[in-house]
Amino acid sequence: MSFIEKSIEVNVPVTTAYNQWTQFEDFPHFMDGVKAVTQLDDRRLHWKAEIGGKEKEWDAVIIEQIPDHRIAWKSTSGARTAGLVTFHPLRQATSQVSLKMEYDPQGVLEHVGDAVGFVTSKVQGDLERFKSFIERRGHETGTWRGTVSNR
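Numbering (our numbering), first residue to last: 164 to 314.
No lab work stands behind these hints: they were computed from the structure. Please note that the accuracy of each hint is not assured.
Keeping only pairs whose Cα atoms sit at most 30 Å apart, straight-line, the calculated DSSO-like set for lysine-lysine is [claimed, not checked]: (1) Lys211 with Lys263; (2) Lys198 with Lys263; (3) Lys211 with Lys237; (4) Lys263 with Lys217; (5) Lys285 with Lys169; (6) Lys219 with Lys237; (7) Lys294 with Lys219; (8) Lys285 with Lys219.
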């Protein structure tokens, strides 16, 4: 397993950053290689992406979601992945978005990309594009304020 941990400061209130992150179907607007995310219900997502020049699909489940604080997920099909994104207020209109992710590279190309830091730089780029996306808009494209608990 490989691990990534990255953070970014965004110039919007924590509620705005959190609300935008809950709009999973908007991920292709700022996540490189993500072609589509379909939200099947409050907990389940279906992903389509291009990784290392190959089309891949997988399902994921949200295992914990606390409004304005955290969203945790894990894959239920395809390559093994899991992650946690947390939201921290810094000042009135500034927040920190922190992402921790673990993944299992598949095949030679993904292992090489992982070894040279490609995935880490891709995640950093995705966070920077999220920052630009939400700051340019100034408000979220939608909201979902429900709580998901793994209990």
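Status of each hint after checking the structure:
| no. | hint | verdict |
| --- | --- | --- |
| 1 | Lys211 with Lys263 | 21 Å, holds |
| 2 | Lys198 with Lys263 | 22 Å, holds |
| 3 | Lys211 with Lys237 | 15 Å, holds |
| 4 | Lys263 with Lys217 | 24 Å, holds |
| 5 | Lys285 with Lys169 | 11 Å, holds |
| 6 | Lys219 with Lys237 | 16 Å, holds |
| 7 | Lys294 with Lys219 | 26 Å, holds |
| 8 | Lys285 with Lys219 | 17 Å, holds |
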